[in-house]
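From first to last, the protein sequence lines stand for chains A and B.
So for the first sequence, the working numbering puts the first residue at 1; every next one is plus one.
So for the second sequence, the working numbering puts the first residue at 1001; every next one is plus one.
Since the hints were derived computationally from the structure, they do not count as laboratory data.
Be aware that a few hints might be false.
Said to hold, decoys possible - With a straight-line Cα cutoff of 25 Å, these simulated PhoX-like cross-link-like pairs (lysine-lysine) come out:
1. A:Lys189 - B:Lys1031
2. B:Lys1100 - B:Lys1031
3. B:Lys1031 - B:Lys1149
4. B:Lys1100 - B:Lys1046
5. B:Lys1046 - B:Lys1149
6. B:Lys1149 - B:Lys1100
7. B:Lys1149 - A:Lys189
8. B:Lys1031 - B:Lys1046
9. B:Lys1046 - A:Lys45
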Amino acid sequence: MRLLFGSCFTFLIAAALGLGATWLTLTRGVAFGSLSIGAWTAWPKSGSVDIDPYARAIIARSGELPVGMGDGVTFYAHTDEAGDNLDGRCTFTISGMTPAARYWTVTLYDPEGRLVANTIDRHDFTSEEIVRDSDGRFTITVAPLARPGNWLPTAGVEQFMLVWRLYDTPIGVATRTAKKGPMPAIERKGCS
Amino acid sequence: MIRGLLWILAAILLGGIVHLSSVLAMPQTAKQDAYSRLLPLTPVNKVVALSGPTPDAAIMPFMDPAFAQAVCRYDLTGGMLRLIAPVSQAYTSVTFYTRKSIAYYAINDRAAGRRMIELDLMTPEQHAEVPEEEDVTAADRLIIESPSKVGLIVLRALAPERGLMPMARQALAGATCSIQPVQ
């Protein structure tokens, strides 16, 4: 009797622990082989055959095709520099320098990887489209309401994420975590 | 007391096994992976343009809206595959994925070094059949080995500005993939 109770208890706890851990790692992402610069995190190996089992599971579940190593590298941001959630009712700025790359794009998605509908149909900027100052620096304002300059609309969604893709870049292929390039800083400027 | 601890220890160990096996099983059980999504939209061994993502509809999540994309869903059962893709003005890349969405090879226009990206895709068995001198003499012949018989080739052409999207699409419209006898 005691044995039966004990094994039932064990199996229940094991299933809860195991599946819970799986759910957590697949929804939050894991740190294996990641490259973090400020608020941005990339998994350069996800674009190669050296992809780890967790990233494989995440990709199989979401249905995306990762950018291949040799094509580029993808950085994701779910929070700003200070760790605040990217809330579409707030205003954020993205500014600073980008690592060496032939082209880059920055795109705003909802947490499921869908574009967010907005009045001007603007979801992204490319390195060629961006308006820069005389030093070559730029500021992108991510905000619910229209802004002058590089405005990336959030449409007031509760939570969004930013994806920075660098194409034809040595980042992730040649660099190690210790020697990383600069990434633009994300800062919260206020909430409406 | 000790007995209770042993049960808990067993539960943790077993939980670890459940966790690892569920992670490893995910790619095998996923019903909505990229290949499954593209299967109804793409004929085999043919380059097909993909519609870009919009807020209402996207073939896959996290597609880059600045790129025109086309796919060749391949099956090497009948021979090797020759891929020819003209290079667009800005940036063009070709990425090879297995059935399970693993990017096993990617090349861009600069690495290819000319106006056309030209590749022969074959299985390791087919590659072994290629006469050796053929392999050496054709220095400009780029051979890629596919780890699986079926998979996806994704062609991407950047539209550096929104108005240039038709041009990027046009460049990809000239791409072809076709089965060839192994030689």
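Against the structure shown, which of the earlier numbered hints fail to hold, in ascending order? 1, 7 and 9
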